[in-house]
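Here is what each chain is made of, one letter per residue.
Number of protein chains: 2
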Amino acid sequence: MSAKYKLIVDEIERDILDGKYNSIGKLPTEEELVATYGVSRTTVRKAIGILSSKGYIYQVQGSGIFIRESILKGYISLETLKGFTRDFPNREIESKVINIEVIQADEKLARKMKCDIGTNVYYVKRLRIIDGNTFSMEYSYYNKDIIPYLNEEIAKSSIYSYILDDLKLNIGFADKLIYADKMDEESAKYLGLAMDDPALVIDNTVFLNNGNIFEVSKVIHNYKHAKLLKLATF
Amino acid sequence: MSAKYKLIVDEIERDILDGKYNSIGKLPTEEELVATYGVSRTTVRKAIGILSSKGYIYQVQGSGIFIRESILKGYISLETLKGFTRDFPNREIESKVINIEVIQADEKLARKMKCDIGTNVYYVKRLRIIDGNTFSMEYSYYNKDIIPYLNEEIAKSSIYSYILDDLKLNIGFADKLIYADKMDEESAKYLGLAMDDPALVIDNTVFLNNGNIFEVSKVIHNYKHAKLLKLATF
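Taken in sequence, the protein lines are chains P and E. In terms of the working numbering, the first sequence opens at residue 5 and continues consecutively. In terms of the working numbering, the second sequence opens at residue 5 and continues consecutively.
Mixed in with the good hints there might be a few duds.
With a straight-line Cα cutoff of 27 Å, these simulated BS3-like cross-link-like pairs (lysine-lysine) come out [claimed, not checked]:
| # | chain 1 | residue 1 | chain 2 | residue 2 |
| --- | --- | --- | --- | --- |
| 1 | P | Lys193 | P | Lys118 |
| 2 | P | Lys231 | E | Lys222 |
| 3 | P | Lys58 | E | Lys231 |
| 4 | P | Lys186 | P | Lys172 |
Ranges between beta-carbon positions, derived for each pair [unchecked claim]:
| # | chain 1 | residue 1 | chain 2 | residue 2 | range |
| --- | --- | --- | --- | --- | --- |
| 5 | P | Pro152 | E | Ala114 | 40 to 48 Å |
| 6 | E | Thr40 | P | Tyr127 | 34 to 42 Å |
| 7 | E | Gly122 | P | Lys160 | 25 to 33 Å |
| 8 | E | Leu11 | P | Arg95 | 35 to 43 Å |
| 9 | E | Asp120 | P | Asn103 | 37 to 45 Å |
| 10 | P | Glu36 | E | Thr40 | 33 to 41 Å |
| 11 | P | Thr46 | E | Val64 | 20 to 28 Å |
| 12 | P | Lys24 | E | Ile102 | 51 to 59 Å |
Everything labelled a hint here was simulated from the structure, so no lab data went into it. Positions of the beta carbon are idealized from the N, C-alpha and C atoms, including for glycine.
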């Protein structure tokens, strides 16, 4: 169960990403938000505070609540913990499942996932295509003790929607380690690039609310198409 | 002038990055924070909410307020809007100023900086070295109408400390566009890499509180040493 201000934050966030405010570039006033959502001014202010610290908006005294321009440009945001499918309802997302199998965690994987050696883990290889361009190769591991079932159909649509809506798990947070490297042979092949082309790599460790790791993944991005946006606040 | 909870957020943030809680991996309890900072429980809760949404901590009911483990590992965080020097007091940061000059903004730069063509702009080229390793080449532009003076001495220590402490400007937020590319010849030379080695690139646009752009920069990172951490929350 979420606090009321969190629901408002989610709703405004979705509206911003959906492009609801693209033409005007501003949020409604505090008064209008109070009226629209039927909540107190305190709740609206709390929501606005969170949205500011998440980097979506900024307030200029006397002028209103502005939406950060780069969001309006539709770059893929690094905040996309909810998965491409949820965060980019207006983009054409295609996922090709290259492989899905259950493996046993070896020592290295067990250390990364903080699970016992030998734990059953789903290993999913997917190629993501956004708006017709190869975008990334994902090599993901899901702890089967937490995600008891996965199949190609789920992996082809949205694993995160399944985890949230069907398994009703509380995804909490993620560590993303971002770096550049040379393309490996397999990723280059699927992304249509040459070996030793540059790769934008993100190593993800994703946690439930309670601090347990359910996913570890390596995502290799196509340097020709993947530009990720990070909104920082001071 | 900042609200009281923001001061508490800054203080706890600095303590976390400084490693004050590294041995225990947790923050003090709400009660202890109330006593330490001499503020109300509401203020402490607000600060904890912001620190959670910034990704520094997570709460587990009945167990306490945990610090995200990857922070404890000392990766360079993508949240480092305050500059390396402020954010990493425990690391050895060296800046070599390759060039500093005043130029006039051409059409392309003026568009990026949202200033008039011909505006005087400081162009600063710096090599950053962290803990003895070449880390990044920075190509930065500062609008001289906002940053009226810069010199090599300032650029060699910390431009951000100068902007904050001496110019007393209110830095607001930054857009960071992150991607991989092939190394250019100049950056490769200074970083000690080969041309066509992969580069982790960040294009920064940095705003004052009022939404005015004072800095635009391109930072080319050494792929052998630069791993950046993004803490995402759901």
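Outcome of the hint check:
1. P:Lys193 with P:Lys118: With Cα atoms ~32 Å apart, Lys193 of chain P and Lys118 of chain P exceed 27 Å; violated.
2. P:Lys231 with E:Lys222: holds, 14 Å
3. P:Lys58 with E:Lys231: holds, 22 Å
4. P:Lys186 with P:Lys172: violated, 38 Å
5. P:Pro152 with E:Ala114: 40 to 48 Å: With Cβ atoms ~57 Å apart, the hint is violated.
6. E:Thr40 with P:Tyr127: 34 to 42 Å: violated, 46 Å
7. E:Gly122 with P:Lys160: 25 to 33 Å: violated, 54 Å
8. E:Leu11 with P:Arg95: 35 to 43 Å: holds, 40 Å
9. E:Asp120 with P:Asn103: 37 to 45 Å: violated, 55 Å
10. P:Glu36 with E:Thr40: 33 to 41 Å: holds, 39 Å
11. P:Thr46 with E:Val64: 20 to 28 Å: holds, 26 Å
12. P:Lys24 with E:Ile102: 51 to 59 Å: For Ile102 of chain E against Lys24 of chain P, whose Cβ atoms are near 45 Å apart, the range 51 to 59 Å is violated.
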